[in-house]
Amino acid sequence: MLKVRNISHNFQIKNKQIPVLEDVSFDIEEQEFVSIIGPSGAGKTTLINILAGYLKPTKGEATLSSKTIKKPGKDRVVISQEEDLFDWMNIYENVKFGVNKNQETVNKYIELVGLKDFANSYPHQLSGGMKKRASLARALAAEPKFILMDEPFGSLDYQTRETIHKEVLNIWQKTKKTALIITHDIEEAIYLSNKIIVFSERPARIKKIIKIPFSYSRKNSIKNSSEFIKIKNEIKDLISNEF
Amino acid sequence: MTKPQMKQKLITFITLIVLWQGVFLILGPQNYILPSPKNTALTFIKVFESGEIIKHIFVSLKRVVIGFTLASVTGVFLGLILGYFKKAGSYFHPIVEILRPIPPIAWIPIAILIFGLGNGSAYFIVFLGAFFPIFTNTFFGVKSLPRVYKNVALSFEVTKFIFFKKILFYFSLPYIFTGLRIGIGMAWMSVIAAELIGAQSGLGYFIQLNRLLLQTEKIIIGMILIGMLGYFLNKIISILEKRLIPWKI
Ligand SMILES: Nc1ncnc2c1ncn2[C@@H]1O[C@H](COP(=O)(O)OP(=O)(O)O)[C@@H](O)[C@H]1O
Ligand SMILES: [Mg+2]
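As they're listed, the protein sequences go chains A and B. Take the first sequence: its letter number 43 is residue 1359 in our numbering, and every next letter is one higher. Take the second sequence: its letter number 226 is residue 215 in our numbering, and every next letter is one higher.
Since the hints were made in silico from the structure, they are not lab data. It is possible that some hints are incorrect.
The following label-pair restraints were derived from C-beta to C-beta distances [said to hold, decoys possible]:
{"#": "1", "chain 1": "A", "residue 1": "D1339", "chain 2": "B", "residue 2": "I151", "range": "46 to 56 angstroms"}
{"#": "2", "chain 1": "B", "residue 1": "I91", "chain 2": "A", "residue 2": "Q1475", "range": "56 to 66 angstroms"}
{"#": "3", "chain 1": "B", "residue 1": "V54", "chain 2": "A", "residue 2": "N1436", "range": "29 to 39 angstroms"}
{"#": "4", "chain 1": "B", "residue 1": "K231", "chain 2": "A", "residue 2": "K1417", "range": "49 to 59 angstroms"}
{"#": "5", "chain 1": "B", "residue 1": "E41", "chain 2": "A", "residue 2": "S1437", "range": "53 to 63 angstroms"}
{"#": "6", "chain 1": "B", "residue 1": "I3", "chain 2": "A", "residue 2": "K1432", "range": "37 to 47 angstroms"}
{"#": "7", "chain 1": "A", "residue 1": "T1374", "chain 2": "B", "residue 2": "V137", "range": "20 to 30 angstroms"}
{"#": "8", "chain 1": "A", "residue 1": "N1436", "chain 2": "B", "residue 2": "I34", "range": "25 to 35 angstroms"}
{"#": "9", "chain 1": "B", "residue 1": "Y80", "chain 2": "A", "residue 2": "T1374", "range": "52 to 62 angstroms"}
{"#": "10", "chain 1": "A", "residue 1": "K1386", "chain 2": "B", "residue 2": "V137", "range": "46 to 56 angstroms"}
{"#": "11", "chain 1": "B", "residue 1": "I151", "chain 2": "A", "residue 2": "S1542", "range": "32 to 42 angstroms"}
Pairs of lysine to any residue residues, derived as SDA-like cross-links and limited to a Cα-Cα distance of at most 20 angstroms, are as follows [said to hold, decoys possible]:
{"#": "12", "chain 1": "A", "residue 1": "K1552", "chain 2": "A", "residue 2": "E1483"}
{"#": "13", "chain 1": "A", "residue 1": "K1417", "chain 2": "B", "residue 2": "K35"}
{"#": "14", "chain 1": "A", "residue 1": "K1539", "chain 2": "A", "residue 2": "E1483"}
{"#": "15", "chain 1": "B", "residue 1": "K35", "chain 2": "B", "residue 2": "I215"}
{"#": "16", "chain 1": "B", "residue 1": "K139", "chain 2": "A", "residue 2": "I1502"}
{"#": "17", "chain 1": "A", "residue 1": "K1383", "chain 2": "B", "residue 2": "F145"}
{"#": "18", "chain 1": "A", "residue 1": "K1375", "chain 2": "A", "residue 2": "R1518"}
{"#": "19", "chain 1": "A", "residue 1": "K1524", "chain 2": "A", "residue 2": "E1348"}
{"#": "20", "chain 1": "A", "residue 1": "K1387", "chain 2": "B", "residue 2": "K35"}
{"#": "21", "chain 1": "B", "residue 1": "K155", "chain 2": "A", "residue 2": "K1548"}
{"#": "22", "chain 1": "A", "residue 1": "K1548", "chain 2": "A", "residue 2": "I1487"}
{"#": "23", "chain 1": "B", "residue 1": "K231", "chain 2": "A", "residue 2": "K1548"}
{"#": "24", "chain 1": "B", "residue 1": "K237", "chain 2": "A", "residue 2": "Y1438"}
Computed from a predicted structure; not experimentally measured. The beta carbon of each residue, even a glycine, is placed where N, CA and C say it ideally should be.
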């Protein structure tokens, strides 16, 4: 279980303290899939960096399985907002990187994300969507307790994103990982998660935590259900309240 | 090479020879500046038959290979280490910045004082010519390693050794090769410069000697060979680059 307790963070630029996160607290239970949604520049990536252990918060702390997060570790793998595959390794080598797993396990994860035929390809030979799936396979192969994703599908076109969403749901049912995903796509957040945390403008505070009532065997058609639309409007209102 | 490319090259080559012959006719057959293409070609065959040029070619190539290899090993090693260890880098870098603008030929007098005429001086000058582009490109390659790669390494808790071997080195490889390509060109120019002044063998010495003997054909032959061999050295690095960096298109 991940516990985030009263995390605040300021960046110092010259002599000025710029508050980015303000008293953020929430929990993520085992096997939960949680989304954070909020305006850009709010402080979402900063929170991911803190949870990853790349950055120390100014105040507060986060614990994973009751251990305070102090530095990066194999128990939490991050899929970055940017492209993070190694250009000089083919997909197989990328997925195998840093994990002492045998060939069979590595191939299992490559297959799981649908890249079986591309194991020997270099990242530059793949499309944007395939690269993100490869990053996902690399993260899964490490078999971490917790996966952090920072707007992983933001750069993909609508159609590719829909396909990936389906795959992600599928993979999640199989692997039962705990995950935190950052997005500014409201539909993506509702469709994928069982809990959504809505952030305010910078400095980011939690505006609301919304539980999503759908079961995990979701179909694309739920996007047209009245319940889905209701939640969507609620989040829209929360975000546009700002202006 | 495709057929049209061959044809283009041939046309360029023939045009040059025709122009050369034209200038020769204008200057007249008794001039000391430009020999005729025909005489040059005949002398070309002669110097190869007698073997007098072959020794010079091999001496120059040997000096380049030794000086360049030393420069590559030290340049890449220091570039990787000093690019990575910021503290050490910030002490060392000002020294490089002051030494770098000194052209290799400006080192020749001191090289001759230290190493005397001959191989020692030539190795030293070639080394200096090649070292700076190789070091500088490697150094900046390492410096431009994206944060996201460092983060992946941290997340997966890989050792420093693996980080160096599997990430830093390969990420820097395209930069290293840019340095090697500039470096081999510098090495070749440096060896010729060193031989013009500080040696008694090699292609640089060969053209200098034939200036004193007023053998213009041989000077031109020496220059053509310098051009061709320089091209050939550069080509070797480019082929290696394509082979070793298959992930760049
Ligand atoms: N290393 C840094 N130093 C100073 N300011 C930063 C740094 N990283 C981010 N910021 C600032 O913090 C704010 C939040 O950034 P970020 O967490 O990346 O937002 P987002 O919600 O879009 O991911 C932005 O205004 C950004 O300019
Ligand atoms: Mg961000």
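Taking the hints in turn, this is what the structure says about them:
| no. | hint | result |
| --- | --- | --- |
| 1 | A:D1339 with B:I151: 46 to 56 angstroms | 39 angstroms, violated |
| 2 | B:I91 with A:Q1475: 56 to 66 angstroms | 59 angstroms, holds |
| 3 | B:V54 with A:N1436: 29 to 39 angstroms | 36 angstroms, holds |
| 4 | B:K231 with A:K1417: 49 to 59 angstroms | 32 angstroms, violated |
| 5 | B:E41 with A:S1437: 53 to 63 angstroms | 54 angstroms, holds |
| 6 | B:I3 with A:K1432: 37 to 47 angstroms | 55 angstroms, violated |
| 7 | A:T1374 with B:V137: 20 to 30 angstroms | 23 angstroms, holds |
| 8 | A:N1436 with B:I34: 25 to 35 angstroms | 51 angstroms, violated |
| 9 | B:Y80 with A:T1374: 52 to 62 angstroms | 33 angstroms, violated |
| 10 | A:K1386 with B:V137: 46 to 56 angstroms | 21 angstroms, violated |
| 11 | B:I151 with A:S1542: 32 to 42 angstroms | 53 angstroms, violated |
| 12 | A:K1552 with A:E1483 | 26 angstroms, violated |
| 13 | A:K1417 with B:K35 | 66 angstroms, violated |
| 14 | A:K1539 with A:E1483 | 16 angstroms, holds |
| 15 | B:K35 with B:I215 | 18 angstroms, holds |
| 16 | B:K139 with A:I1502 | 31 angstroms, violated |
| 17 | A:K1383 with B:F145 | 18 angstroms, holds |
| 18 | A:K1375 with A:R1518 | 16 angstroms, holds |
| 19 | A:K1524 with A:E1348 | 17 angstroms, holds |
| 20 | A:K1387 with B:K35 | 73 angstroms, violated |
| 21 | B:K155 with A:K1548 | 45 angstroms, violated |
| 22 | A:K1548 with A:I1487 | 24 angstroms, violated |
| 23 | B:K231 with A:K1548 | 51 angstroms, violated |
| 24 | B:K237 with A:Y1438 | 9 angstroms, holds |
Violated hints, listed in ascending order, are 1, 4, 6, 8, 9, 10, 11, 12, 13, 16, 20, 21, 22 and 23; each of the other numbered hints is respected by the structure.
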